[in-house]
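Participant: Line order of the protein sequences matches chains W and L.
Residue numbers for the first sequence follow the numbering used here, so the first one is 1 and each next one is one higher.
Residue numbers for the second sequence follow the numbering used here, so the first one is 1001 and each next one is one higher.
Since the hints were made in silico from the structure, they are not lab data.
Just so you know, not all the hints are guaranteed correct.
[To be verified] Ranges of calculated distance between the beta carbons of each label pair, as one might list FRET restraints:
(1) W:R171 to L:D1518: 48 to 56 Å
(2) L:P1480 to W:V142: 40 to 48 Å
(3) W:T94 to L:E1521: 24 to 32 Å
(4) W:L129 to L:Y1313: 54 to 62 Å
(5) L:M1029 to W:R124: 51 to 59 Å
(6) W:L138 to L:L1050: 24 to 32 Å
(7) L:D1036 to W:Q163: 42 to 50 Å
(8) L:G1120 to W:V142: 41 to 49 Å
[What the hints assert, rightly or not] Okay, the calculated bits of chain L under chain W, using three or more residues with CB under 8 Å as the criterion:
(9) 1078-1086
(10) 1273-1286
[To be verified] Just so you have them, the derived chain W footprint on chain L, three or more residues with Cβ under 8 Å:
(11) 1212-1223
(12) 1253-1261
Every residue, glycine too, gets a C-beta built ideally from N, C-alpha and C.
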Amino acid sequence: MTHPDDNSYPHPPPAPPGWPQPQTDPYGHSPRRAPYGRDPWQESYGHDVPQDNRYGYDASSYDPFGQAPGHEPYGPETQRHGGDLTALRSAYRTLRRVSTLTALGSFVVYVVLSCFAPDLMGSRIAGELSLGMALGVLQLVVTFAAVLWYGRSARRSVDPLAQAVRERAVRRPGREAGVAR
Amino acid sequence: MNDFGTGTQALVLVLFTTLVTLTLLMCVMAGPDRDDLTNFYTGYLSLTPLKNGLAIAGDYISAATVLSTTGIIALAGYDGYVLAVSTALSLVLLMFLLAEPLRNAGSFTMGDVLARNMPGRAVRIASCLVTLSATLPFLVVQLSGAGSLLTFILGIPHEAGARTTCIVLVGSLMIIYAAIGGMRGTALIQMIKIVLLLGTSVTVAALVLNRFDWSPDDVLRAARRGSGAGPAFLQQGLQLGTSAGDRLDFASLQITVILGAACLPHITMRLYSARDVPAVRRSMSWAVGTVTTFCLLVIIMGTGAAALVGSQYITAADPHGRTSVLMLSRALGSGAGSVGTTILYAAMAGTVFITLLSSVAGMTLAAASSLAHDLFAHTVRRGRAAPRTEMTVAAWTSVAVGVVAITLSTLVQNWDVAVLTTLAICIGASAVAPALTYSLFWRGFTRTGLLASLYGGTACALVLMVFSKAVSGTPAAVFPNSDFDWFPMQSTGLVSIPFGYLAGWLGSRLDHRRRAADSRESLRLYEEGEARLLAAAE
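Based on the provided sequences and hints, a complete structural model is requested.
Facilitator: This is the structure in structure tokens:
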């Protein structure tokens, strides 16, 4: 399973709110390095889409200052809003990536080992219990801990940021249309 | 076949009637107001996380899961254990990856989630069609199974007439639950079901272990002997075979289950009825905890069935072993005719019955909601339907879906349609999963990409399934005497999941090149909705 945003940038910049926006044109040196739809720090994407054949897989298109291009249409308040949102987005992405890949990865390894190393998985470790069975039951037992861990990390990393974004959205009632249902 | 006295049959019948009466009563009392859409589709968001979690778990553990998984463990040992693990982990994956953004993005149906960035009727129609093609097979397989299962439980002669009566009976009840109860009513039934199911399973598992003096070694040794397979029982390969191709097939099936089982619309539908993100997280924690506990119990029960009943008797009653859990509960008592045996068997039969009823009701409701909300309210009436009309339509679409499902199930009741479960999960993994992950996490996703992944994934799964080994060419296939299998696998996931993702990506690429304005619009809507998607900021 590929999650399209999961392989865009391995290390999203922290992007603190209120970071002074560098006005050096982030695209001046390479206008085509605009990986359409992959760059979470990019407000506009229209340029050069048809020619962009690297399409988001180009790690060199990473631009540490790209989170707010020069033609930012919103005021400073929106920028701070965007900063919170960016932080929330990357917090969510990290959490999602770590948890999903761990769960999926461990299971895929388990299935592949079961299928293609049956001797290893069939070896007895205690009495009748084979390694494969033990690993299977272990995954189920570890699930409880994983769910607790997920809940705790989400409460710590995601919820405060989401709260901030919500509060800011409430304070600006006349913000852009379309967010409300 | 059924060597029980009339006492047991009478007790089972009384139990069935009581369960039906009670649940119907609760359904009517919990039913929604006549003109409140939110109430009908989500139950006022009023369920506590624990209750909602139990309802999610109830929807997730269908009768097919309970009966087939126990059967596969009893007959194939290790392969069944892997299936139990993948079933549990699929819900974990749903919780980690999709649950929270899905709750923020959706309001009633999958169509709401997918159409939020790409308004238009084509998207609504596609999501309705995919919902139907994923839920109907599941519905048909369980209803047609209900016929043989009920005749087995009640000890009625195994005739076509009796089975048809049972199918129509279960089908009518399921229509009533879905049409009258709505989300709230079915949630209540799911909660009752999961509590009963856990209670009975804990009892049966404890009795199994008690029979062997709480020594897992003894259970496994007896199971190896009872299965007649010897050491192979505890190694991968009994279910599908041991050649390299068969092993690949098995791996593909398990990956399909973990990606697809929890994405099915009748399960994601329950997420929309959580109040907020912390609530959906807590609901999912309860659901995952319940399902994982149940999967551990299923492992014990399946192994116990192999050890205490023996695979000869299990396959004699049903080649897929779907009656093994009932036979186990019968074997556990202190002897035929004793009070303990009677009560245990009646409890297990009642649990299976209510599991069957509630899972088909949940699926009917999902299909009917999608028809009423996506197809009628947003396609035919273009979003201008009065809530009262939509509710009436939802009730009638429940009836329509139910009648179609009953008809199909009666038609196929003499065939071995277990393959339909695989089909539903394959569609979930290759059409629903790509559409949802792209739509929630990829801002460059466009309308063409969405339609391509929905239709492409479904069509690929459907076509490959028709020409797979599970449908023709092998003795265990639906048509064992025909031979049109050119896809050499039992499940289609290995090809159709990458196909679904690729179709979505290519479709979006096409839109970026050909319809730049449209794709810019999708992007704009995604970015505007992002605060709502991530933080529920309205």
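Participant: So, for every hint listed, does it hold in this structure?
Facilitator: Going down the list of hints, with the structure as the test:
Take R171 of chain W and D1518 of chain L: their Cβ atoms lie about 33 Å apart, and the range 48 to 56 Å is violated. Separated by about 41 Å at the C-beta atoms, P1480 of chain L and V142 of chain W satisfy the suggested range of 40 to 48 Å. Distance hint for T94 of chain W and E1521 of chain L: a CB-CB separation of about 30 Å, consistent with the stated range 24 to 32 Å. The beta-carbon spacing between L129 of chain W and Y1313 of chain L, approximately 26 Å, falls outside the hinted interval of 54 to 62 Å.
Taking the beta carbon of each, M1029 of chain L and R124 of chain W are about 55 Å apart, inside 51 to 59 Å as hinted. In this structure the hint that L138 of chain W and L1050 of chain L lie 24 to 32 Å apart at CB holds, the actual value being about 27 Å. The hint said 42 to 50 Å for the Cβ distance between D1036 of chain L and Q163 of chain W, and at roughly 30 Å that hint is violated. Checking the proposed 41 to 49 Å range against G1120 of chain L and V142 of chain W shows it holds: the Cβ atoms sit about 44 Å from each other.
Coverage of the stretch 1078-1086 of chain L by chain W holds [criterion: at least 3 residues with CB-CB distance below 8 Å; count 6]. Coverage of a stretch by a chain is defined here by at least three residues with a beta carbon nearer than 8 Å to that chain's beta carbons; for the stretch 1273-1286 of chain L and chain W the count is 6, and the condition holds. Counting residues of the stretch 1212-1223 of chain L whose CB falls under 8 Å from any CB of chain W gives 4; the rule of at least 3 is met. Residues of the stretch 1253-1261 of chain L lying with their CB closer than 8 Å to a CB of chain W number 4, which satisfies the three-residue condition for coverage.
The structure does not agree with the numbered hints 1, 4 and 7 stated previously, though it agrees with the rest.
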